[in-house]
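Here's the letter readout for the chains.
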Amino acid sequence: MQKPKSGGTEFASTTAQTPGSAKPDPILVADKIMRQFGGLTAVKVDHVEIQRGSITALIGPNGAGKTTFFNLLTGYDTPNSGTWSFNGKDLNGIPPHKVARLGMVRTFQLTKALYRLTVIENMLLGAREQKGESVLLSVFPWIWRAQEEAIRIRATAILKNFKLIEKQNDFAAALSGGQRKLLEMARALMVEPEMVMLDEPMAGVNPALKQSLLEHIKELRNEGKTVLFVEHDMDMVHEISDWVIVMAQGEIIAEGTPASVMGNRQVIEAYLGSHHNTDLTSEGA
Amino acid sequence: MDILFIIQQTLSATLGVNAIIFALAAIGLNMHFGYTGLLNFGQAGFLAIGAYSVAVPVISFGVPLWIAFLIGIFNSILFALLLGIPTLRLRADYLAIVTIAAAEIVRQIARSATFNEWLGGSDGITGKFGKDFFDLNPFKAGINTPILRFNGNDLWVVLTGWTLVALITSIMWIMVNSPWGRVMRAIREDEDAVRSLGKNVYLYKMQSLIIGGVIGSMGGFVYALSRQSVQPDNYGTALTFFAYTVLILGGAARVFAPIVGAMIFWFLIVFIEQVLRAGVTSNLIPDWLIGVNQVGQIRFMLMGLGLMLLMIFRPQGIFGDKKELTLDAKA
Numbered sequence: 001m002q003k004p005k006s007g008g009t010e011f012a013s014t015t016a017q018t019p020g021s022a023k024p025d026p027i028l029v030a031d032k033i034m035r036q037f038g039g040l041t042a043v044k045v046d047h048v049e050i051q052r053g054s055i056t057a058l059i060g061p062n063g064a065g066k067t068t069f070f071n072l073l074t075g076y077d078t079p080n081s082g083t084w085s086f087n088g089k090d091l092n093g094i095p096p097h098k099v100a101r102l103g104m105v106r107t108f109q110l111t112k113a114l115y116r117l118t119v120i121e122n123m124l125l126g127a128r129e130q131k132g133e134s135v136l137l138s139v140f141p142w143i144w145r146a147q148e149e150a151i152r153i154r155a156t157a158i159l160k161n162f163k164l165i166e167k168q169n170d171f172a173a174a175l176s177g178g179q180r181k182l183l184e185m186a187r188a189l190m191v192e193p194e195m196v197m198l199d200e201p202m203a204g205v206n207p208a209l210k211q212s213l214l215e216h217i218k219e220l221r222n223e224g225k226t227v228l229f230v231e232h233d234m235d236m237v238h239e240i241s242d243w244v245i246v247m248a249q250g251e252i253i254a255e256g257t258p259a260s261v262m263g264n265r266q267v268i269e270a271y272l273g274s275h276h277n278t279d280l281t282s283e284g285a
Numbered sequence: 001m002d003i004l005f006i007i008q009q010t011l012s013a014t015l016g017v018n019a020i021i022f023a024l025a026a027i028g029l030n031m032h033f034g035y036t037g038l039l040n041f042g043q044a045g046f047l048a049i050g051a052y053s054v055a056v057p058v059i060s061f062g063v064p065l066w067i068a069f070l071i072g073i074f075n076s077i078l079f080a081l082l083l084g085i086p087t088l089r090l091r092a093d094y095l096a097i098v099t100i101a102a103a104e105i106v107r108q109i110a111r112s113a114t115f116n117e118w119l120g121g122s123d124g125i126t127g128k129f130g131k132d133f134f135d136l137n138p139f140k141a142g143i144n145t146p147i148l149r150f151n152g153n154d155l156w157v158v159l160t161g162w163t164l165v166a167l168i169t170s171i172m173w174i175m176v177n178s179p180w181g182r183v184m185r186a187i188r189e190d191e192d193a194v195r196s197l198g199k200n201v202y203l204y205k206m207q208s209l210i211i212g213g214v215i216g217s218m219g220g221f222v223y224a225l226s227r228q229s230v231q232p233d234n235y236g237t238a239l240t241f242f243a244y245t246v247l248i249l250g251g252a253a254r255v256f257a258p259i260v261g262a263m264i265f266w267f268l269i270v271f272i273e274q275v276l277r278a279g280v281t282s283n284l285i286p287d288w289l290i291g292v293n294q295v296g297q298i299r300f301m302l303m304g305l306g307l308m309l310l311m312i313f314r315p316q317g318i319f320g321d322k323k324e325l326t327l328d329a330k331a
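Chains as they are written, first to last, in my numbering: chain C, 1 to 285; chain W, 1 to 331.
Since the hints were derived computationally from the structure, they do not count as laboratory data. From a predicted model like this one, the values you see are computed outputs, not experimental measurements. Treat each hint with caution, since some may be false.
Claimed, not checked - Stretch by stretch, here's where chain C covers chain W in the computed footprint (C-beta under 8 Å, at least three residues): (1) 175-183; (2) 190-203.
Unchecked claim - Listed next, with one range per pair, are the computed distances between beta-carbon atoms: (3) W:Thr237 <-> C:Asp31: 50 to 58 Å; (4) W:Thr114 <-> C:Glu149: 55 to 63 Å; (5) C:Phe140 <-> W:Asn293: 53 to 61 Å; (6) C:Leu110 <-> W:Asp132: 55 to 63 Å; (7) C:Leu110 <-> W:Ala238: 38 to 46 Å.
Glycine included, C-beta positions come from ideal geometry on N, C-alpha and C.
Sequences are here, hints too, so could you generate the full structure?
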């Protein structure tokens, strides 16, 4: 957590802008990841590295396999083949809760706020290694009460930062869609992750909240954390990402700085189709 | 119509042995369903295992009753593991299917001719296996007042039973209000979110299944002891669904719900029956409308009607919070 800003953002200028390029200090490395659903190959990633301390965007048209790739990396799904490691630790066969304990915490495309828990309870749940979460120690409140208070102080501070403090005693279900996204991100921070994986953090968030979400993501990088996020909102990708990885039909087709990727012919074709310049009316019949 | 007699019968049932059995069964279900979201439709199986575990070792093998209690707890843990290991990794509905089947398997094994020698087949077991327990009773005379009446044995079961319920409820209260209870409620809301925060959901669900199952099997202890007999057909699916009725009557995920639910359940059943019976015998209810032999059936009809009205006008139960209930879990 206390890592310096180890040039997390400067690597972009010195790194090759090709799919699967090597990064100077990768936190996450994946090799030959393949996931098939019946006859459909959803993900087929040859090699990818995520630079430590950077904000990396994972973009691509619908059905490109971004969320599946996320699920594979975080243990929610198992690839047919492939290896991947986090901080040098092999993650093959590691269940999701252990991936989270290793310091890689994700959020979900369809927000998973815990609705019938209050906002503050959602937050407290995130903290690691709570004595009171053991079935045997739970019956002796004096053992865990001090730790609980310390966690509450940390949770309150994060909620203040995310401007959710007034809502702390409301059920999470009472929050708006955008506030739930904020809560989910704030809750992920309670785990004290090294790397945060955000699956469409901006989906359904109104413009005012969007700006504050952006600031929070930048803040994560400033604290030395690594962020990988899936996003459709190109303005957001442009504004905050240091590096962009583009997926289409399960494969990584381009990598590079936001500016270089947006101008990449392959990327434009993947999004708009290769015939996007031809006149549809003359092509028909 | 003897109003005092109706009051005596009703009050004795409200505080009686059956209310204790259903309270314990429902406390277990509250752990499973109310706090963790596990759909256990086989609670009767846990009660059966508890009941047979106190009767069989004492009668067939001469084991002391206190050891039999420990055997009962051990067996219910084993049963929970057996149910949980294959199903808790799967979606919630699989647990429902497996538990309802497993409880029936337990009952069918108990009543099968194969194990007749130990389990007594469909006749079950009758005998003085509770002797060690009733020997400790300081109130052998029982209690006989105009409004409350228990014989000596029942009074002892009632006193120790409610003490057990109070003890378990206090521990439950502490547990569900601890960080452990928070993880449980979170699992009820969304397992995957809890996994993403580094919690071993499978382990927690197993703990819930075991704890709720052991509490249920204690209901079985009371059931067996109070009657000094175990009948396999008392542990059918109806028992599970009555226990759910008790829980929902009180309000799921409320610590005191099973106690109050069980009391109201037995209050209503006995009160309706006694009023009908008194009405029929004193000819206040004409014979062409309800005959003496129909009272038993009619009381369940009225009970069902009452529960329907409750679900319509107070779906959250006695203690529940309507606001909480209307929060769609997948909004």
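Status of each hint after checking the structure:
Three residues within the 8 Å Cβ limit are the bar, and the region 175-183 of chain W against chain C gives 7, so the coverage statement holds. Evaluation of the coverage hint for the region 190-203 of chain W: fulfilled, as 11 residues show C-beta separations to chain C shorter than 8 Å, against a requirement of three. Distance hint for threonine 237 of chain W and aspartate 31 of chain C: a CB-CB separation of about 52 Å, consistent with the stated range 50 to 58 Å. The hint said 55 to 63 Å for the Cβ distance between threonine 114 of chain W and glutamate 149 of chain C, and at roughly 58 Å that hint holds.
A hinted range of 53 to 61 Å holds for the C-beta pair phenylalanine 140 of chain C and asparagine 293 of chain W, which are about 56 Å apart. Separation of leucine 110 of chain C from aspartate 132 of chain W is about 57 Å and conforms to the stated range, judged on CB atoms against 55 to 63 Å. The hinted range of 38 to 46 Å is satisfied by leucine 110 of chain C and alanine 238 of chain W, whose Cβ atoms lie roughly 39 Å apart.
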